[in-house]
Every structure is written in C-alpha cells, then in structure tokens.
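Visitor: The residues making up each chain are set out below.
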Amino acid sequence: MRYAMVIDTKKCVGCSDCVVACQTENKVPIGYARDWVVEVTEGTYPHLQMEIRSERCNQCENAPCVRCCPTGSSHYSTGGIVLVKPRRCIGCGACITSCPYDARFPHPKGHVDKCTFCDHRIKEGNGPACVEVCPTKCMYFGNLDDPGSEVSKLLRQRRYKTLIPEAGTKPHLYFLT
Amino acid sequence: MREEVIISGRMNPMIDPQLNIWHWHIPLYLFLGGLAAGILFFAALYTIQGKEKLYPAAVKRAPFITPFILVIGLLALLLDLNNKPYFWQLYTTLRLESPMSWGAWTLMVVTPISFIWCALNIREIFPSFDWKYGWLKWLETFFIKYKIAMSWVLLIFSVILGIYTGILFSAFNARPLWNTSILGPLFLASGLSTGAAYIMLVSRSHAERIMFSKIDIVLIGIELFLIIHMFMGFLASTQVQIDAASLFLGGPYTAIFWVFVVFLGMILPAILEVLELNKFRVPVLVPGLLVLFGGLMFRFVIAYAGQASRWLY
Ligand code: SF4
Ligand code: SF4
Numbered sequence: 001m002r003y004a005m006v007i008d009t010k011k012c013v014g015c016s017d018c019v020v021a022c023q024t025e026n027k028v029p030i031g032y033a034r035d036w037v038v039e040v041t042e043g044t045y046p047h048l049q050m051e052i053r054s055e056r057c058n059q060c061e062n063a064p065c066v067r068c069c070p071t072g073s074s075h076y077s078t079g080g081i082v083l084v085k086p087r088r089c090i091g092c093g094a095c096i097t098s099c100p101y102d103a104r105f106p107h108p109k110g111h112v113d114k115c116t117f118c119d120h121r122i123k124e125g126n127g128p129a130c131v132e133v134c135p136t137k138c139m140y141f142g143n144l145d146d147p148g149s150e151v152s153k154l155l156r157q158r159r160y161k162t163l164i165p166e167a168g169t170k171p172h173l174y175f176l177t
Numbered sequence: 178m179r180e181e182v183i184i185s186g187r188m189n190p191m192i193d194p195q196l197n198i199w200h201w202h203i204p205l206y207l208f209l210g211g212l213a214a215g216i217l218f219f220a221a222l223y224t225i226q227g228k229e230k231l232y233p234a235a236v237k238r239a240p241f242i243t244p245f246i247l248v249i250g251l252l253a254l255l256l257d258l259n260n261k262p263y264f265w266q267l268y269t270t271l272r273l274e275s276p277m278s279w280g281a282w283t284l285m286v287v288t289p290i291s292f293i294w295c296a297l298n299i300r301e302i303f304p305s306f307d308w309k310y311g312w313l314k315w316l317e318t319f320f321i322k323y324k325i326a327m328s329w330v331l332l333i334f335s336v337i338l339g340i341y342t343g344i345l346f347s348a349f350n351a352r353p354l355w356n357t358s359i360l361g362p363l364f365l366a367s368g369l370s371t372g373a374a375y376i377m378l379v380s381r382s383h384a385e386r387i388m389f390s391k392i393d394i395v396l397i398g399i400e401l402f403l404i405i406h407m408f409m410g411f412l413a414s415t416q417v418q419i420d421a422a423s424l425f426l427g428g429p430y431t432a433i434f435w436v437f438v439v440f441l442g443m444i445l446p447a448i449l450e451v452l453e454l455n456k457f458r459v460p461v462l463v464p465g466l467l468v469l470f471g472g473l474m475f476r477f478v479i480a481y482a483g484q485a486s487r488w489l490y
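Chains as they are written, first to last, in the working numbering: chain Y, 1 to 177; chain F, 178 to 490.
In short, the hints are calculated from the structure, not lab data.
Predicted model only: the values in this text are computed from it and were never measured.
For glycine and all other residues, C-beta sits at the position ideal for the given N, C-alpha and C.
Please note: incorrect hints may appear among the correct ones.
[To be verified] Residues from chain Y that keep clear of chain F, each with C-beta distances beyond 10 Å, as calculated:
(1) L83
(2) C99
(3) R121
(4) V151
(5) K153
(6) R159
[Claimed, not checked] Simulated coverage check for chain F against chain Y, where a stretch passes if three residues somewhere in it have a Cβ under 8 Å from a Cβ of chain Y:
(7) 187-194
(8) 269-279
Just chain Y, with the same shape it has in the complex (with noise of 0.2 Å):
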C-alpha cells in the first residue's frame, strides 16, 4: 500500500480552506502551516500560464528527512507515509535542512513537525482534513498500489507532474495539470 494525494490544478480557486483545515485539524501552532498555497506565474508576456497550487510535505518513497535522521524520528508508517515521533526527535533541525520543499517546521514545543496525511483520520477510514474540506474539490487520496482507486485512475487518465522530480526524492505528491 502506498498512499497518495492527487491534486487537480485546474479545479484550485486558491481559497486556502485546506489550510484552514488542517491548522484546525491538526492544532497547527499560530504563525505555523503544514500546508499553503502557491500562485506561480510562468512565461513571458504575452504567454503566460498561471497555476495554483496546494502544497505540503510529499511524503517521498526516497525521503532524504529520513535518511539523515540521527535518532530514527523521522521514519516511514503504513502506507510510506513519513512521520515523526516526536518523543525521539532531539530537534536537531538536519530533517528541515535536507527537505527541498521546505515542509518541515519546527514546533515551539521542540520536535519538529509536518504534513502527515491526517494519519490519525485515514485509521479511522476519513480522508485527510484538507481533501475533506476543499470546496471544488480538487484534491483526491487514496492508494496508488490499487489500480482501482480514484489517485490511480486520475494518474492513468490525466496529465501530471510531481515538485522537483530532479531531486530524485520520489514525491507521492502529484499536480493534475
């Protein structure tokens, strides 16, 4: 089982419930966010093309926040989902340094924290807290080794594309476009 968040670029409005959700959801610290949402404007006029955006941590199969993880804090959960244990991070800050989305933060209590796919929601049989919300609902999870689920379907029949593939981190994060 590898879960997966499917984000259909052409149906965000950029109203940011999914942030709103999850700082609620998930008792995000005030000034903080697990999630957000990007405008980027490519181009050059008079062809430019603008695309929006939520993104979050994206729970990579080759995650280097693991990798470099001296405690074992940061490890993979059912599903490849990358969590912390916030009981075993000595917050030392190398998991934040290695992310090249910048998911990771760290919580004022003193480990560090992120998107975890609302794992506490997905044991109870609910989507996560943003997918749930979305008004236009453009966001979709489920399980890409199920060739009948809604992410893989929309993977076999749309246009996609993950942040930085470059960066060799294997996202299960992917943008409809």
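Take the given structure of chain Y and dock chain F with the ligands to it, following the hints.
Guide: What follows is chain F with the ligands alone, placed relative to chain Y:
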C-alpha cells in the same frame, strides 16, 4: 526565458522566506571539531613515528586544548537542539545513513581519548602534579603500554572526524551549495591546517615551527586547489548549482568569502609563512591566528550561504 513568480501563503518562522534553522552553533561546532581533529591527527601521527622528542608541542602541549574545545563544541551543538532534554537519543541509535549520527558516535570515541591523552602528558607539563590514588597510577601505566594502539585509533578517528565536519553539509542534497563531495576533503584539509596553525602557536622549538609552517603551506595549497575545483564543478553543473556558486561570485557572500576566508585566511598566512621560511622575521602569531580565523569564517560562510541556496521552485 522561464519565469516563476510565486505568491505563497506559507508562514513558518526560520524557513520562510529563507531557511535559517542553523545558527552560529553549527559552524562553531564544526570549527572546533575540525581543529581538534587536526591537532589530534598530528599528535597521533608523530607518536606512531616515534618523533615525540622532535615535535613536543604537537604530541604533548597542543592536545591539551582538545578536550576543552570538543566539550565546548558539543555544548554548542546541544544549545542548537530544539529539544535539548532529548539529546541522549543520539546515543540510542546508530544510523549509518545519517552523518549526524555517525558524527556523534565518532565524537564519542575521540573525546574520551583526548582526555586520556592529556592525562598521560600532564605530569610532564606540570612536574609537581601527582596522581593521588593507586588505581589512577595503574590506569596511567596501562594506557602508556598501549599508547601506540591508541594512537592508531586516534589517527583513524581524527581523520573521520575531520571529514565528517564537511560531510555533515554535503549530505544535504536539498541545499545545492553543500551538495558536493568536495566538502569532506576540503573541511579535512582546513581542519588539519587549523590544527597545524595551533601547534605553531604553542610550539617553543624553532625546528618544530618551521616544520608546521611547511605542513600548513602544503595544506593551504590543497585547500585552494579544492576550492577552485569546487567552483569548476558548480559552474559545470545544473542551474541550481550555478546559482549556488553565484552566491560567491557576485552574490551577497562574495566579499566575505574571498576577502576573509580565501585572502586573509589562506593566501596571506601562506605568504607570511613562505617569507618566514626564507628567513624574514614574521611573528608566528600573525599567520597562526589568521589561519584559525579563516577556518572559523570558512565554516560560518558555508553554513549560512548553504542555507540560502535552494532548488528552483
Ligand atoms: S517532502 Fe520533505 S519532509 Fe516530506 S517526505 Fe519529502 S523530504 Fe521528507
Ligand atoms: S529534528 Fe528530529 S526528526 Fe528531524 S532529523 Fe533531527 S531528530 Fe530527526
């Protein structure tokens, strides 16, 4: 031309808009680790070669500082942890994939040996000193008996420690400036150079100073070669690495790197040392302190500039 304008709603202090997670502690720790590695390397090397009489400062006097600087370095590292009370977790796992983990274990080997090393020489430096208890005297004889074996361990682990101070950075492929395997040998050469400079400073024998001046000149030459090599590598690489190199080639770190690290920390002391070898009178304090200062600046510049370099995104 490809242009990306990003408006981002992310807000993580110390990360946005620029990564700023490692402060002065890490470069200081790496400098002190490299310096200790350099000093202990020469101490072990000349002990193995049986040249203790020829190089008394290298083998005996200089290592006296190593336990202190290693402990100060570790304290700096501890201060930089966000979860300080959990620091001991470093020693509940050995993770070879993580340079920080094997660095911690390397220090676990080197630090106690540095203490023992000082203990073995203490009576020579302070003749009135005496081990009060019989078992301490017994320990001393024990370690003197195995001094050569200990020197070999120290020789190997000091090299590992020196390389580690650079690998710690180069293992991060997310920071293009650090992601070059040259940092390992470069930091080792720099650590050995600062070690040689310190030995020069504390040495009282002219012959020994001359020897370490020569060693230092060679090491500075190696460093300059590796630095040129590093830039050639960056400029022949991908856009992210070209951008990283441009931090030093016209970017915000240009002056501090070329003036403080390369000129004041390497070229000028090398010139002064060459002058001294040619019988000009140069107070040893000047090149020695310059090399130490340059080594410290080098680590600061690399640590900060590395955090300013990132992937196109
Ligand atoms: S995005 Fe960053 S934090 Fe998330 S798994 Fe990848 S490297 Fe780790
Ligand atoms: S900050 Fe915590 S999770 Fe990150 S590498 Fe250090 S110990 Fe591991």
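Visitor: With reference to the structure, classify each hint as holding or not holding.
Guide: We went through each hint and held it up to the structure:
Non-interface call for Y/L83 relative to chain F: holds, since the shortest CB-CB distance, roughly 16 Å, exceeds 10 Å. For Y/C99, the shortest C-beta to C-beta distance to chain F comes to about 6 Å, within the 10 Å cut-off, and the non-interface label is violated. Look at Y/R121: its CB is around 22 Å from the nearest CB on chain F, clear of 10 Å, so calling it non-interface holds up. Taking the minimum C-beta to C-beta distance to chain F, about 23 Å, the non-interface status of Y/V151 holds against the 10 Å cut.
Under the 10 Å C-beta cut-off, the non-interface status given to Y/K153 relative to chain F holds; the minimum distance is some 29 Å. Look at Y/R159: its CB is around 19 Å from the nearest CB on chain F, clear of 10 Å, so calling it non-interface holds up. With a threshold of 8 Å between beta carbons, the proposed coverage of the segment 187-194 of chain F by chain Y holds, since 7 of its residues qualify and at least three are required. By the rule of at least three residues with a Cβ nearer than 8 Å to a Cβ of chain Y, the coverage given for the segment 269-279 of chain F holds, with 8 such residues.
Checked against the numbered hints given earlier, the structure breaks only hint 2 and satisfies all the rest.
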